[in-house]
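Engineer: Please work from the sequences and hints to get the whole structure.
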Amino acid sequence: MPAVGIPRALLFYELFPLWREFFTSLGCEVITSQPTSKETLNAGASAAVDETCLPIKIMYGHILELQGKCDFIFLPRLVSIEPNSYICPKFMGLPDIVRGLGVQGVIEPTVDLRNPKEYWQRLWQAAVEIEYRLGIYSPTRVASALFRGLLAERGYRARLHQGYLPWEALDSEPLPKPSTQNQVKIGVIGHPYTMFDQIINMNLFELLRLSGYGVLTPVNHEIRLLNRIARQLPKDLFWTYGRRMIGAARLWYQRKLVDGIIHIVSFGCGTDSLTGDLIERLTKRESDIPFMLLTVDEHTGEAGFRTRVEAFLDMIQFRAAGAGRSGCQ
Amino acid sequence: MKVTYPHMGTLNIVLNALLREVDLEVVPPPPITKRTLELGIANSPEFACLPLKITLGNFLEALERGAELIIMAGGCGPCRFGYYAQVQREILTDLGCNFEMLVLEPPQSGWPDFLKQIRSLLGGLPVAAIRRGWILGWQKVKAIDWVEEEVERTRPVEPFSGQADRIFRDFLAQLDQTTTTSGIQRLTMATLGDLQDLRNGQRANLQVGVVGEIYTVLEPAANQDLLRRLGSLGVEVRRKLRLSHWIGEHLTLNKKKKRRLRLELEKLAAPYLKHFVGGHGLESVGHTIELCREGVAGVIQIAPLTCMPEIVAESVLPQVSADLSLPVLTLFVDEHTAEAGLQTRLEAFIDLLPARSISRKSI
Chain A
72 MPAVGIPRAL
82 LFYELFPLWR
92 EFFTSLGCEV
102 ITSQPTSKET
112 LNAGASAAVD
122 ETCLPIKIMY
132 GHILELQGKC
142 DFIFLPRLVS
152 IEPNSYICPK
162 FMGLPDIVRG
172 LGVQGVIEPT
182 VDLRNPKEYW
192 QRLWQAAVEI
202 EYRLGIYSPT
212 RVASALFRGL
222 LAERGYRARL
232 HQGYLPWEAL
242 DSEPLPKPST
252 QNQVKIGVIG
262 HPYTMFDQII
272 NMNLFELLRL
282 SGYGVLTPVN
292 HEIRLLNRIA
302 RQLPKDLFWT
312 YGRRMIGAAR
322 LWYQRKLVDG
332 IIHIVSFGCG
342 TDSLTGDLIE
352 RLTKRESDIP
362 FMLLTVDEHT
372 GEAGFRTRVE
382 AFLDMIQFRA
392 AGAGRSGCQ
Chain B
38 MKVTYPHMGT
48 LNIVLNALLR
58 EVDLEVVPPP
68 PITKRTLELG
78 IANSPEFACL
88 PLKITLGNFL
98 EALERGAELI
108 IMAGGCGPCR
118 FGYYAQVQRE
128 ILTDLGCNFE
138 MLVLEPPQSG
148 WPDFLKQIRS
158 LLGGLPVAAI
168 RRGWILGWQK
178 VKAIDWVEEE
188 VERTRPVEPF
198 SGQADRIFRD
208 FLAQLDQTTT
218 TSGIQRLTMA
228 TLGDLQDLRN
238 GQRANLQVGV
248 VGEIYTVLEP
258 AANQDLLRRL
268 GSLGVEVRRK
278 LRLSHWIGEH
288 LTLNKKKKRR
298 LRLELEKLAA
308 PYLKHFVGGH
318 GLESVGHTIE
328 LCREGVAGVI
338 QIAPLTCMPE
348 IVAESVLPQV
358 SADLSLPVLT
368 LFVDEHTAEA
378 GLQTRLEAFI
388 DLLPARSISR
398 KSI
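First to last, the protein sequences are chains A and B.
Its first residue numbered 72, the first sequence is counted upward by one per residue in our numbering.
Its first residue numbered 38, the second sequence is counted upward by one per residue in our numbering.
Keep in mind that a hint or two might mislead.
Cross-link-like lysine-lysine pairs, in silico, DSS-like; alpha carbons within 30 Å at most [stated by the list, open to error]:
no., chain 1, residue 1, chain 2, residue 2
1, A, LYS188, B, LYS293
2, A, LYS188, B, LYS277
3, B, LYS311, A, LYS140
4, A, LYS188, A, LYS140
5, B, LYS304, A, LYS188
6, B, LYS292, B, LYS179
7, B, LYS277, B, LYS293
8, B, LYS294, A, LYS188
9, A, LYS306, B, LYS295
10, A, LYS188, B, LYS311
11, B, LYS292, A, LYS188
12, A, LYS306, B, LYS39
13, A, LYS327, A, LYS256
14, B, LYS153, B, LYS311
15, B, LYS293, B, LYS304
16, A, LYS306, B, LYS304
Simulated coverage check for chain B against chain A, where a stretch passes if three residues somewhere in it have a Cβ under 8 Å from a Cβ of chain A [what the hints assert, rightly or not]:
no., stretch
17, 107-114
18, 224-234
19, 311-317
Think of the hints as simulated: they come from the structure by calculation, not from any bench.
Idealized CB from N, CA, C, for every residue including glycine.
Structural biologist: Written out as structure tokens, the structure reads:
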């Protein structure tokens with residue numbers, strides 16, 4: 072039974088249920104790296120080129136951790152995971168840029184679902200590529216593994232839509248949902264690999280929940296809905312997560328679902344430099360919801376981060392109180 | 038309606054030719070200065086790449102001069118360039134500028150759309166005039182590239198520094214005024230003759246390749262005059278990225294040729310980078326290998342800071358460099374890039390290059 076290592080980085084919190092189900096159905100053992108720690112980050116940052124972004128540096132750290140612990144490491148070349156969009160150029164070259172690490176047994180299928188007409192064909196090709204790499208040559212087994220994987224992803228999405236955060240939804244029987252009635256809600260946007268990584272987000276979600284706020288993220292909404300809203304822009308965005316972020320932000324302020332929006336960006340993120348600016352402009356132009364941009368990199372101190380978040384939350388409370396008073400008069 | 042466009046190296050000459058031929062009044066943005074950059078930086082997102090900031094500065098200065106319509110290119114990703122126009126439009130709107138913007142999306146996304154855009158710009162489809170302008174513009178592109186290549190050969194061996202550049206400047210000024218194909222040919226031949234006289238059959242004994250993101254390669258204001266600096270250090274610059282490359286890549290109709298070139302490039306880069314990554318990432322890797330085979334002593338990669346495709350290229354270039362024993366220097370530029378620091382790095386890099394013998398005879 073070959074052991075397949077899946078790094079807990081990049082699209083882990085988006086596609087892990089699919090990958091896990093797929094590989095276990097093929098009879099593999101799935102090993103994941105530990106949640107990101109300072110050591111992961113340090114190891115990654117010293118292996119990666121300086122100019123690259125924080126999530127990629129963390130990815131390096133996770134790969135280094137998995138090295139030697141498993142027979143294969145799963146590093147798909149994710150060109151595109153939904154029609155008419157890309158994720159980020161760095162994903163398109165991921166297996167190539169980590170080749171310098173000298174990792175053995177990399178499974179690197181190319182996933183390019185950009186053309187809606189070839190969607191299933193390309194997905195099938197990627198699955199077959201993995202099967203060949205694993206030494207399995209059985210179309211029926213791959214078909215059933217792919218089907219079960221997609222089903223698992225659907226179940227995961229359904230749990231996310233109920234309002235759970237990814238790490239809660241990864242277990243098939245999640246904890247009881249925290250009640251979010253009459254709570255002040257904060258919407259958090261960012262790339263999934265930025266906002267859900269506990270080193271990058273400095274436990275932001277815990278901080279928000281412990282302070283009594285409800286949290287919404289783009290993953291809690293139907294992707295189709297977010298994309299439909301994002302398409303209202305003069306030109307459709309060609310980055311998958313940029314599209315979802317802009318869709319979520321507009322959904323939230325149009326329907327007044329949140330009382331404040333926090334955007335977490337990792338330093339040097341190319342796509343966020345444009346979409347972040349666009350979201351900020353649109354939010355300010357079309358609503359009066361407070362918006363905060365938090366840029367993080369490997370040097371960000373937790374104290375400074377928390378202070379900014381707390382100041383933002385105080386301001387939201389202040390506004391809520393002020394609005395209530397003026398309403399009484 | 039007064040039309041303007043962004044600067045990119047010598048692109049303005051080509052666009053002037055094309056736009057004048059279809060009877061549009063052109064208000065070219067003033068040459069890029071420190072003020073352009075400052076205007077751009079002050080109003081752009083902090084981490085946007087340098088070309089966005091500079092072109093935004095161009096637009097602001099052109100609008101000051103009375104331009105009403107901005108022509109900008111689009112794209113379909115994954116490089117940020119494809120979304121520049123959208124972000125710039127929002128920025129200019131928020132600044133309260135009065136303008137219209139025409140984004141020319143590449144014809145790949147559908148000819149009818151492209152033609153509709155052209156029609157909306159010209160109020161009709163004067164096929165003959167567009168054809169004339171197109172031919173004239175293309176002639177000029179080729180002339181510029183041809184002369185520039187010779188300038189890059191001449192710079193390191195010119196008797197007095199600045200001579201080749203003076204000839205090049207005069208050439209560009211005259212080319213901008215030329216309106217006939219035969220005029221372009223005469224001018225090009227004369228200029229090439231002048232440069233060859235100046236060079237007197239000599240060739241620099243050190244050749245360095247330049248690869249990277251096309252805007253920073255072509256625009257002296259973005260790369261701190263990298264090409265001229267290298268020339269004055271006695272180095273002959275070799276590069277594959279030229280204006281004709283960019284135009285050919287985006288607008289050429291010869292699909293067969295395009296595909297053939299693409300396949301060649303992919304084959305070259307395949308051991309290191311197996312997929313295109315947008316922008317000129319794949320080109321940077323492929324051209325490095327190609328230039329190495331042509332005998333350059335080292336390669337300089339230049340790109341704007343946070344450029345995603347070039348970061349991918351940068352990540353794989355150490356492997357290329359080790360395999361080919363070819364020194365590679367990566368330079369990321371942004372608005373903070375200081376002249377002295379760049380000069381020092383270039384000098385250090387060139388001092389360390391082992392002089393490689395050039396097998397090819399001087400032309």
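Engineer: For each hint, tell me whether it holds in the structure or not.
Structural biologist: Against the structure, the hints come out as follows:
no.	hint	in the structure
1	LYS188/A <-> LYS293/B	holds, 23 Å
2	LYS188/A <-> LYS277/B	violated, 35 Å
3	LYS311/B <-> LYS140/A	holds, 26 Å
4	LYS188/A <-> LYS140/A	violated, 39 Å
5	LYS304/B <-> LYS188/A	holds, 27 Å
6	LYS292/B <-> LYS179/B	holds, 19 Å
7	LYS277/B <-> LYS293/B	holds, 20 Å
8	LYS294/B <-> LYS188/A	holds, 26 Å
9	LYS306/A <-> LYS295/B	holds, 27 Å
10	LYS188/A <-> LYS311/B	holds, 23 Å
11	LYS292/B <-> LYS188/A	holds, 22 Å
12	LYS306/A <-> LYS39/B	holds, 24 Å
13	LYS327/A <-> LYS256/A	holds, 10 Å
14	LYS153/B <-> LYS311/B	violated, 37 Å
15	LYS293/B <-> LYS304/B	holds, 17 Å
16	LYS306/A <-> LYS304/B	violated, 34 Å
17	107-114	holds (count 3)
18	224-234	violated (count 0)
19	311-317	holds (count 6)
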